[in-house]
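Q: Input sequences plus hints: build the corresponding full structure.
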Amino acid sequence: MKSGFPLYAAMIAGLLVLATTPLYADNYVVRTAAIVAMYGALATSWNFIGGFTGYPSFSTAAFFGLGAYVGAICQRHGIPMGLAWAIATVVVAAFAALLGGIILRLRGHYFAIGSIAVVELCRLVVSSWSSLTGGGDGLNLPLMAWPPEELMRFFLFVMLGILLASLVATIIVDRSRLGFGLRCIHQNEDAAAMVGINTTAYKIAAYTLSAMFCATAGAAYASWTGYIDPTDSFQIVMTVKVVVMALLGGAGTILGPTLGAAAFVLLEELFWANFLDWNRAILGVVIVLLIFFLPGGLLSLGMRRLRAAKVGGGQ
Amino acid sequence: MIEPILRLDGVSKQFGGLAALSDVSFSLSEGEVVGLIGPNGAGKTTLVNVVTGNLRRSSGRILFKSEDVGLQKPYQAARRGLARTFQIVQPFPAMTVLENVTAGALFGAGAGSLGDARDMAMQSLEFVGLDGLADRPAANLALAARKRLELAKSLAMNPRVLMLDEVNAGLNSSEIDGALALIRKIAERGVTVLIIEHLMKVVLSLSKRLLVLHHGQLIADGPSAEIVADERVIEAYLGAKFAARLKELNHG
Numbered sequence: 001m002k003s004g005f006p007l008y009a010a011m012i013a014g015l016l017v018l019a020t021t022p023l024y025a026d027n028y029v030v031r032t033a034a035i036v037a038m039y040g041a042l043a044t045s046w047n048f049i050g051g052f053t054g055y056p057s058f059s060t061a062a063f064f065g066l067g068a069y070v071g072a073i074c075q076r077h078g079i080p081m082g083l084a085w086a087i088a089t090v091v092v093a094a095f096a097a098l099l100g101g102i103i104l105r106l107r108g109h110y111f112a113i114g115s116i117a118v119v120e121l122c123r124l125v126v127s128s129w130s131s132l133t134g135g136g137d138g139l140n141l142p143l144m145a146w147p148p149e150e151l152m153r154f155f156l157f158v159m160l161g162i163l164l165a166s167l168v169a170t171i172i173v174d175r176s177r178l179g180f181g182l183r184c185i186h187q188n189e190d191a192a193a194m195v196g197i198n199t200t201a202y203k204i205a206a207y208t209l210s211a212m213f214c215a216t217a218g219a220a221y222a223s224w225t226g227y228i229d230p231t232d233s234f235q236i237v238m239t240v241k242v243v244v245m246a247l248l249g250g251a252g253t254i255l256g257p258t259l260g261a262a263a264f265v266l267l268e269e270l271f272w273a274n275f276l277d278w279n280r281a282i283l284g285v286v287i288v289l290l291i292f293f294l295p296g297g298l299l300s301l302g303m304r305r306l307r308a309a310k311v312g313g314g315q
Numbered sequence: 001m002i003e004p005i006l007r008l009d010g011v012s013k014q015f016g017g018l019a020a021l022s023d024v025s026f027s028l029s030e031g032e033v034v035g036l037i038g039p040n041g042a043g044k045t046t047l048v049n050v051v052t053g054n055l056r057r058s059s060g061r062i063l064f065k066s067e068d069v070g071l072q073k074p075y076q077a078a079r080r081g082l083a084r085t086f087q088i089v090q091p092f093p094a095m096t097v098l099e100n101v102t103a104g105a106l107f108g109a110g111a112g113s114l115g116d117a118r119d120m121a122m123q124s125l126e127f128v129g130l131d132g133l134a135d136r137p138a139a140n141l142a143l144a145a146r147k148r149l150e151l152a153k154s155l156a157m158n159p160r161v162l163m164l165d166e167v168n169a170g171l172n173s174s175e176i177d178g179a180l181a182l183i184r185k186i187a188e189r190g191v192t193v194l195i196i197e198h199l200m201k202v203v204l205s206l207s208k209r210l211l212v213l214h215h216g217q218l219i220a221d222g223p224s225a226e227i228v229a230d231e232r233v234i235e236a237y238l239g240a241k242f243a244a245r246l247k248e249l250n251h252g
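Protein chains in written order, with full-length UniProt numbering: chain F, 1 to 315; chain Y, 1 to 252.
Check each hint, because a few of them may be wrong.
A few chain Y residues facing chain F, derived, Cβ under 10 Å [what the hints assert, rightly or not]:
(1) Gly53
(2) Gly70
(3) Lys73
(4) Gln76
(5) Phe86
(6) Glu99
(7) Thr102
(8) Gly104
(9) Ala105
(10) Gly110
(11) Asn250
Derived pair list, reagent style EDC-like, types lysine to aspartate or glutamate, alpha-carbon separation capped at 16 Å [stated by the list, open to error]:
(12) Lys201/Y <-> Glu166/Y
(13) Lys201/Y <-> Glu175/Y
(14) Lys185/Y <-> Glu126/Y
(15) Lys73/Y <-> Asp190/F
(16) Lys73/Y <-> Glu189/F
Read the hints as simulated data drawn from the structure, not as lab findings.
The structure displayed is predicted, hence computed values, not measured ones.
From the three backbone atoms N, C-alpha and C, an ideal C-beta is built for every residue, glycine too.
A: Okay, structure coming up:
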C-alpha cells in the first residue's frame, strides 16, 4: 500500500504534535509524549519481523534490556552518552543477527515461545553476572545535572529521533527488494524460497532491524532514568504490550504501529488516572474488543472509510 | 558431444529405511522436452525435490551445466535457472497476480529494480494469457488460472530448466488443451522442460522421450513410442498379472 503524500503528511503532523508539547503543556504531558515516542519506536521495530515477515516475535524486551545494560556499562566506563547508545545499538544488532540464525528456524507458535524465552534467558544471565551487571542490585548511571524541564525536553527529542529513524527505515524497507521479499515470506515461505528469495538471510535482516532501534531506545531510557535493574529492564509485560500496540494500530503498515502505541499509552494513562483498581482489567477488555472487532487495526478504519467514499463517488 | 544441461549421476534418496530414489541416472539436453512418468509413489516428486534442493540427496551427483549442485538450497536453484511448479499450487494469496509474478522476476531472474521486474512480469502474464487478471488477488483465481499463474511465475524467473509437477491435475479436457499449447510455446523458447504427469495423453503429445520411474528406480529411458510398448513399463502400471493377460490378448 503505497500512498505517498497523505502518509508523509500524517507522519510529520504526528511527530510535530509530540515535539511541540513542551511549548504549551506541563511536564506530565511531555513525559507522556516521550513515552509514546519510545513505544512507537519499539512497535515500529517489531513491525519488521512481526508485521512484514509474519513471525510473531516476543523478544522486544530482550533487545530493550540488553541495550539498556550495554549502554549503562559503557557509560560507567566513561564512554560519552551518545557513543554509548551507538555501541549498544551495534552490539545488540549483532546479537540479534546471531540469535536469529538459530531461532528463526522455528515457525509459528514455536517461534513465539522461543522468542519469549530469550527475554527470560537474558534477564537470568544479566542478574547472575554480578561482576559486570551488578546483579539484582542494578546499576546506577552518571547523573545528568540538568534542570528537570530541560532534561525532559532532551529525552523527548531523543525518543522522537529514534522513532523517526525507525519510521524512515520502515519506509525504505517497504519500497525495497527486502520489503517485498519479507511480504512474500509472510504469505508463503516455501514459495518465497522457490522464486529465489534467500529466506534465511531476509528473516535475519528483519529480526536485526527489529532489534536495533529497541536497543537504542533501551540505552537512552537507561540514561534517562539513571538506574536500571534486571526485573525492570527485561519485562515480559513490555514485550506483550509492544505486540498489542502494533496489532492495535495495524501490523504490516507503516504508521499503524506508532498510531497503536499512541492509542495504547493514552488509554493506559486514562485508566490509571480514573480507575486505579480496575485499570488492567478495563485495558484488557478494551484490547479484546478492539482485536475482535477491528482485526486490521485502527488504520483499517480509515481505509474502510476511504474505500466507501471512493465507491460512493463512483456512482 | 554437447554437455547436458542437467545430469543426474547415481542419485539416491533414503527416508530412514525407505529408498525413495535408488541410483537414478539420466541427463537432459538443452531445449529438450522430456516426460517423467510412473505409478503413484514411484518417487517422481521426490526426484524434483532433490534436484531443486527442497530435499537433500543421500548420495550421487546432480550436475547443472557441469556444476555439482547437490548441496544447493531451493533459492539457489531458482537463481541458477532451475525452476519448478508444485503439484499443489503455491501462490502468495494476498498479493495480486502481477505481484506474484513480479516476485519471480525480481528474485529469480535478478531484475535490477522493482520497475524492471514488473515489466518482465507483465510480459510473462501476457505470454500465459493472464494479463487481464493482473490486479486480482491471487487467492480469487480459479484452479486453471492458478496453474497458469504458477507457469507465469516460473517463466518470469527466466529458467533454463523448468520442471512441471502435474500442472494438468484437476483440469478439464479443454483446460488441458490450453495448458498443452502453453507448454509447447514455452518449449519453443528453448527452455528445457521436464513434465511429470499421470495422463499419458499429455506426455505423449508433448515429449518424444520418456523416463519411467518405479519404486524409486529408473526402469526405462527412451523414445516415447518404444517406452509405452515396453513390457516392464506396462507391468509397473498394470501389475504383472494384467500385463501377462494383455500380452496374451495381443498375441491371441
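Q: For every hint, state whether the structure bears it out.
A: Quick rundown of the hints versus the structure:
Evaluation of the Gly53/Y hint against chain F yields a held restraint, the C-beta minimum of about 9 Å falling below 10 Å. With a cut of 10 Å, the hint placing Gly70/Y at the interface with chain F is violated, because the nearest CB-to-CB distance is about 17 Å. The beta carbon of Lys73/Y is positioned within 10 Å of a beta carbon in chain F (closest approach about 7 Å), and the interface hint is therefore held. Here the hint on Gln76/Y is kept, as its CB sits about 8 Å from the closest CB of chain F, short of 10 Å.
Annotation: interface hint on Phe86/Y holds; nearest CB of chain F at approximately 8 Å, less than 10 Å. Hint status for Glu99/Y relative to chain F: holds, with the closest Cβ pair at about 8 Å, below 10 Å. Among the interface hints, the one on Thr102/Y holds; its C-beta lies about 8 Å from the nearest C-beta in chain F, closer than the 10 Å criterion. Interface hint at Gly104/Y: satisfied, since its Cβ lies 5 Å from the closest Cβ of chain F, which is below the 10 Å cut-off.
A hinted interface residue such as Ala105/Y counts as satisfied when its beta carbon comes closer than 10 Å to some beta carbon of chain F; here the least separation is about 9 Å, so the hint holds. For Gly110/Y, the suggested interface contact is upheld, since its CB lies about 8 Å from the closest CB of chain F, less than 10 Å. Because the smallest distance between the Cβ of Asn250/Y and any Cβ of chain F comes to about 44 Å, over 10 Å, the interface hint for this residue is violated. Among the hinted pairs, Lys201/Y with Glu166/Y is consistent with the structure: their alpha-carbon atoms are about 13 Å apart, no more than 16 Å.
Proposed proximity of Lys201/Y and Glu175/Y is supported: the alpha carbons are some 14 Å apart, at most 16 Å. With a CA separation close to 13 Å, the supplied pair Lys185/Y and Glu126/Y stays within the 16 Å bound. Pair hint Lys73/Y plus Asp190/F holds up; C-alpha atoms about 11 Å apart against a cutoff of 16 Å. Using a Cα cut-off of 16 Å, the hinted pair Lys73/Y and Glu189/F holds, with the two alpha carbons roughly 13 Å apart.
The structure fails hints 2 and 11 (numbered hints given earlier, in ascending order).
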